[in-house]
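Trainee: Sequence:
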Amino acid sequence: MPRLDVNPNSKPNSSPLWLIPVLLGFLTGQTHAKDVLSVPEQVSLSANKYTQQLTISWRGGAATTFDIVILRTEFSETAFSETVSVAVDQASGLHQWNWTSVEPLECTSLSIKIRSRDKHMTSEWSNTQILQGNDLPSNGKMQMYPRDGIVLPVGANTTFCCIAEEGRVFDIIRYSDMVMNATQLSRRTFATTVINQSPSGTSGTNVICTDSLNELIGSVVFVGYPPLPVDLACETHDLTSAVCQWNEGRNTYLYGKRRTHYTLNKSSNQKQRQCSLPQWEGNWTLVAVNPLGQYSLTDSAELSHRVRPVAPANLTSVAHAWNATVQWQWKYESYSSLALLCHIELTSHGSKRNYTVSGVGLQSVKVLDLHPDEDYSVRIRCGAQKNFWKWGNWSDPFAFKTKRYMPDAPDVWMWLNRDNTANILWKPLTRWQSHGQLTGYEVTFWSNEDVIQRKKIFSPDTTSAPVNLTQMAAYSRDSKVIATVNAKNADGLSQPAKVVLPRLWTDVEPLAVSRAVYMDSGFFLLWQNNVDVTCGYIVEWNNASCDLNCHVEWLKVAKGYVNVSVESAEFQPGVRYNLSLYSCSSEPPVLLQRWQGYTQELVPSTSVGLSISQQGSDILLTWEEIPLLDRRGFIKGYNIYNSTGSELTLIADWLIMEILISLGVMALFLVIVTFVCYKKRECVIHIVEKPEWDSSKEALVVIPEEDEEEEGMGEEPVDTDEPTSLRYYNQVVDDRPIRPRFPDSSASSASSLDSGRTEVTYTGIQTSGSSLVFQLDPQNSSEGHPPHTDLAFSCGGGGYKPQMQPKVPREALPEPFLEPPAATTGGYKPQNSWHLDSPVETRESGGLAPSLGSPTSVASTQFLLPDDEEHTEDKRQSSSSAATWFTNLLSSTKP
Numbered sequence: 001m002p003r004l005d006v007n008p009n010s011k012p013n014s015s016p017l018w019l020i021p022v023l024l025g026f027l028t029g030q031t032h033a034k035d036v037l038s039v040p041e042q043v044s045l046s047a048n049k050y051t052q053q054l055t056i057s058w059r060g061g062a063a064t065t066f067d068i069v070i071l072r073t074e075f076s077e078t079a080f081s082e083t084v085s086v087a088v089d090q091a092s093g094l095h096q097w098n099w100t101s102v103e104p105l106e107c108t109s110l111s112i113k114i115r116s117r118d119k120h121m122t123s124e125w126s127n128t129q130i131l132q133g134n135d136l137p138s139n140g141k142m143q144m145y146p147r148d149g150i151v152l153p154v155g156a157n158t159t160f161c162c163i164a165e166e167g168r169v170f171d172i173i174r175y176s177d178m179v180m181n182a183t184q185l186s187r188r189t190f191a192t193t194v195i196n197q198s199p200s201g202t203s204g205t206n207v208i209c210t211d212s213l214n215e216l217i218g219s220v221v222f223v224g225y226p227p228l229p230v231d232l233a234c235e236t237h238d239l240t241s242a243v244c245q246w247n248e249g250r251n252t253y254l255y256g257k258r259r260t261h262y263t264l265n266k267s268s269n270q271k272q273r274q275c276s277l278p279q280w281e282g283n284w285t286l287v288a289v290n291p292l293g294q295y296s297l298t299d300s301a302e303l304s305h306r307v308r309p310v311a312p313a314n315l316t317s318v319a320h321a322w323n324a325t326v327q328w329q330w331k332y333e334s335y336s337s338l339a340l341l342c343h344i345e346l347t348s349h350g351s352k353r354n355y356t357v358s359g360v361g362l363q364s365v366k367v368l369d370l371h372p373d374e375d376y377s378v379r380i381r382c383g384a385q386k387n388f389w390k391w392g393n394w395s396d397p398f399a400f401k402t403k404r405y406m407p408d409a410p411d412v413w414m415w416l417n418r419d420n421t422a423n424i425l426w427k428p429l430t431r432w433q434s435h436g437q438l439t440g441y442e443v444t445f446w447s448n449e450d451v452i453q454r455k456k457i458f459s460p461d462t463t464s465a466p467v468n469l470t471q472m473a474a475y476s477r478d479s480k481v482i483a484t485v486n487a488k489n490a491d492g493l494s495q496p497a498k499v500v501l502p503r504l505w506t507d508v509e510p511l512a513v514s515r516a517v518y519m520d521s522g523f524f525l526l527w528q529n530n531v532d533v534t535c536g537y538i539v540e541w542n543n544a545s546c547d548l549n550c551h552v553e554w555l556k557v558a559k560g561y562v563n564v565s566v567e568s569a570e571f572q573p574g575v576r577y578n579l580s581l582y583s584c585s586s587e588p589p590v591l592l593q594r595w596q597g598y599t600q601e602l603v604p605s606t607s608v609g610l611s612i613s614q615q616g617s618d619i620l621l622t623w624e625e626i627p628l629l630d631r632r633g634f635i636k637g638y639n640i641y642n643s644t645g646s647e648l649t650l651i652a653d654w655l656i657m658e659i660l661i662s663l664g665v666m667a668l669f670l671v672i673v674t675f676v677c678y679k680k681r682e683c684v685i686h687i688v689e690k691p692e693w694d695s696s697k698e699a700l701v702v703i704p705e706e707d708e709e710e711e712g713m714g715e716e717p718v719d720t721d722e723p724t725s726l727r728y729y730n731q732v733v734d735d736r737p738i739r740p741r742f743p744d745s746s747a748s749s750a751s752s753l754d755s756g757r758t759e760v761t762y763t764g765i766q767t768s769g770s771s772l773v774f775q776l777d778p779q780n781s782s783e784g785h786p787p788h789t790d791l792a793f794s795c796g797g798g799g800y801k802p803q804m805q806p807k808v809p810r811e812a813l814p815e816p817f818l819e820p821p822a823a824t825t826g827g828y829k830p831q832n833s834w835h836l837d838s839p840v841e842t843r844e845s846g847g848l849a850p851s852l853g854s855p856t857s858v859a860s861t862q863f864l865l866p867d868d869e870e871h872t873e874d875k876r877q878s879s880s881s882a883a884t885w886f887t888n889l890l891s892s893t894k895p
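Numbered as in the UniProt record's numbering, the sequence shown ends at 895 without a single skipped number.
Derived by calculation from the structure, the hints in this document are not laboratory data.
It should be emphasised that the depicted structure is a prediction, and the values quoted were computed from it without experimental measurement.
Each residue gets a CB set at the ideal place from its N, CA and C atoms; glycine is no exception.
Hints are supplied without guarantee of correctness; some may be wrong.
Straight-line Cα separation of at most 27 Å, DSSO-like style, residue types lysine-lysine; simulated pairs [unchecked claim]:
hint: 1; residue 1: 498; residue 2: 556
hint: 2; residue 1: 352; residue 2: 390
hint: 3; residue 1: 427; residue 2: 386
hint: 4; residue 1: 366; residue 2: 352
hint: 5; residue 1: 488; residue 2: 556
hint: 6; residue 1: 352; residue 2: 403
hint: 7; residue 1: 386; residue 2: 331
hint: 8; residue 1: 427; residue 2: 403
hint: 9; residue 1: 456; residue 2: 480
hint: 10; residue 1: 113; residue 2: 49
hint: 11; residue 1: 366; residue 2: 390
hint: 12; residue 1: 559; residue 2: 427
hint: 13; residue 1: 401; residue 2: 488
hint: 14; residue 1: 390; residue 2: 331
hint: 15; residue 1: 498; residue 2: 488
Label-pair distances were calculated between CB atoms; the ranges are [unchecked claim]:
hint: 16; residue 1: 282; residue 2: 336; range: 22 to 30 Å
hint: 17; residue 1: 266; residue 2: 53; range: 26 to 34 Å
hint: 18; residue 1: 587; residue 2: 524; range: 27 to 35 Å
hint: 19; residue 1: 132; residue 2: 300; range: 51 to 59 Å
Make a model of the complete structure from these sequences and hints.
Mentor: Right, here's the structure in full:
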């Protein structure tokens, strides 16, 4: 086994082993000291409050990376915290870094601290440096930042801050008319950011801050664009100096002292779009500057390529009747050797003509093709003929007037009438034909054999002159008459216009009249060329229905032409026009061809006047021709229609309809009347049966049979107004003959013709079972107690109600007597269904027998009336019978 041997006399090893830990610790300390970063020192701050830029400088040794933290001091809120790389300035040994703040630097205090960084290793933070803001308690007034006058570009984002007055409460910030959202930066500071700002007006945009007491403070900002001019071009007017022009380009929206300023070749310019240089330099540079920036433009050119003459000056004219010379002057003498190209604009009554002339040192131009006595206006501009650059400016307009001249010869024609009279016609001269104010027309007549010419003067508004060819023939034996027309103004007479007339009118019509067709351009006429024509053709047109002193229009066609289109503003539809072609020569015009036509054919305005005459079995139809004025078109023929009576068509359909409607209305009316009468039949029966007699005059007296003989023998007819006595006998019906009773007529001679007493005897029909005798109560038939007309029952065996119509004088009975209704206490119904055996008996009974209907004879005694009275009574009886029949009719229909 092993063994440890210890020698007490042995010495320890003398190697310095204890130095090894010491050396290792020293080396470690050296390495650690080498890895420690230096803390930034001597930190300083520099603020540019206009640009809101903060410059930070410090000493940081050899480090190049630093952590920078910027805090809002009062709330310790981080405004910026990033790692930045900053190289050391070898000359000063300082590090420097710039930071642009979103908020104005005056808004609140800022605290800044820095530390060095090497990857993950950092140094200690530097001492905190504070940039004092304007929200310190020592500065207690109300403030707004940025201050007035700040200029901002369009589309920028800007932060505004408001520092409330010490002891006040912030309210709102308003940008223009918009209330903004505000963020609190410190105890008194509030900020808001406006994004994408639009251009401001001429006076800028207001930003206003108010507190709780409505005290306000504000700032004005101007938002616009940097300058951007375009189209720089330099030219010369005097062949020595240069005039440069440009366009401002887009609007910068900055005005006043903030507007754009221009310099041309380092020469300041007060004008906005033009600058003049005394010498032509050939190269130009334009610089435009405003608070938001600057812009440059360049241009270069040779002088001969940029010549633009000035406007001609001092224009004058030398005017004639048909032309005028216009003169002018130049501002610069150098133009005398300059080749110029000039543009002349001539205006007359709204019509413009343009001329172009050229020449060296051009100073006048002659204008041709003018009209006499006409007003003109002219203006001129010029340019360089060689290396043309631009037209110069127009001169001021210059007005002049040409001189008068004798008129043009009028256009003359004629019209011949059948009565050997004629009219010399001419067209009125236009303004350009009269060459001045006309004073009249001179018409001259003569023939080749005449020694004396006959002249007539007409006013300027006259267009025709009458002539009597018969009188002209008396003065000369020549076969033609020559007429000339001269127009006259202040400068003299025009050339004569001649027309040759025949001495006598001859009715020479062409063999055939062609039909002219009207098209869009007028009547197109075509003819064969005539070799006898020496001065052309005359085409004449007029209303075909006119015969005397017609309104005529004409057109002259040069020789060699064989067609023309005739158009006139006076053409009307439905009017036939004659279009005639005449030859023009030294002899009277000869009619070569004639056309007729309508611009538009219409329906004739009148019908044909037709007349008929019969010749045996034939019928002759004759009609008159429609007058030409009423035709309104070419008559192509006549249509004749015939038809037999059975083929005739009734055209009175509506008349039949009216008749049928009338009949229907009448039938409907009758139905309605019948229906109403049926419904109101009770009223009708009441009206018809209403009694009008006095019951005190008549009464039904019941006489016993045993007393009849005695009373009848003792009565004598007398003349009295007492009521008629009615006798009623109750009698059983049997088959025994009945002996009529007749009163003694001998006693009637003592009675008066004006009065009478009627005695009527009724015999009642009774059965063996029962009988009823009664006397009418006079009170039941009075006006105050109307009877019941609808009672329909019988008592006992029945019977009938006596119906009587006594004859009394007119004074006593003005109306026919009507039957009174039955009493309500009983009785019997009238038996009105019985009839007489023959109508002869009915007529003999005088109307009473039918109403009686009794097999027992009735004896009545009455004084006879005169014939006329009998006739009247017959009428009255007939009327009563009719009333009774109508009552029975209504009763039979009663349910």
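Trainee: Does each hint fit the structure? Answer for all of them.
Mentor: Against the structure, the hints:
1. 498 / 556: Satisfied, since the Cα-Cα distance of roughly 13 Å is no more than 27 Å.
2. 352 / 390: Holds, at roughly 22 Å.
3. 427 / 386: 52 Å, violated
4. 366 / 352: Roughly 16 Å between the alpha carbons, so the hint for residue 366 and residue 352 holds.
5. 488 / 556: 23 Å, holds
6. 352 / 403: 20 Å, holds
7. 386 / 331: The hint holds at about 20 Å.
8. 427 / 403: 24 Å, holds
9. 456 / 480: 19 Å, holds
10. 113 / 49: Holds - the C-alpha atoms of residue 49 and residue 113 are around 20 Å apart, at most 27 Å.
11. 366 / 390: Status holds; Cα separation ~24 Å.
12. 559 / 427: Between residue 559 and residue 427 the Cα gap is close to 21 Å, so the pair holds against 27 Å.
13. 401 / 488: The hint holds at about 20 Å.
14. 390 / 331: 18 Å, holds
15. 498 / 488: 16 Å, holds
16. 282 / 336: 22 to 30 Å: Given a distance of about 25 Å, which is inside 22 to 30 Å, the answer is holds.
17. 266 / 53: 26 to 34 Å: With Cβ atoms ~31 Å apart, the hint holds.
18. 587 / 524: 27 to 35 Å: 28 Å, holds
19. 132 / 300: 51 to 59 Å: Hint holds: Cβ distance 56 Å, inside 51 to 59 Å.
Figure legend: structure checked against the earlier numbered hints; the only hint not met is number 3.
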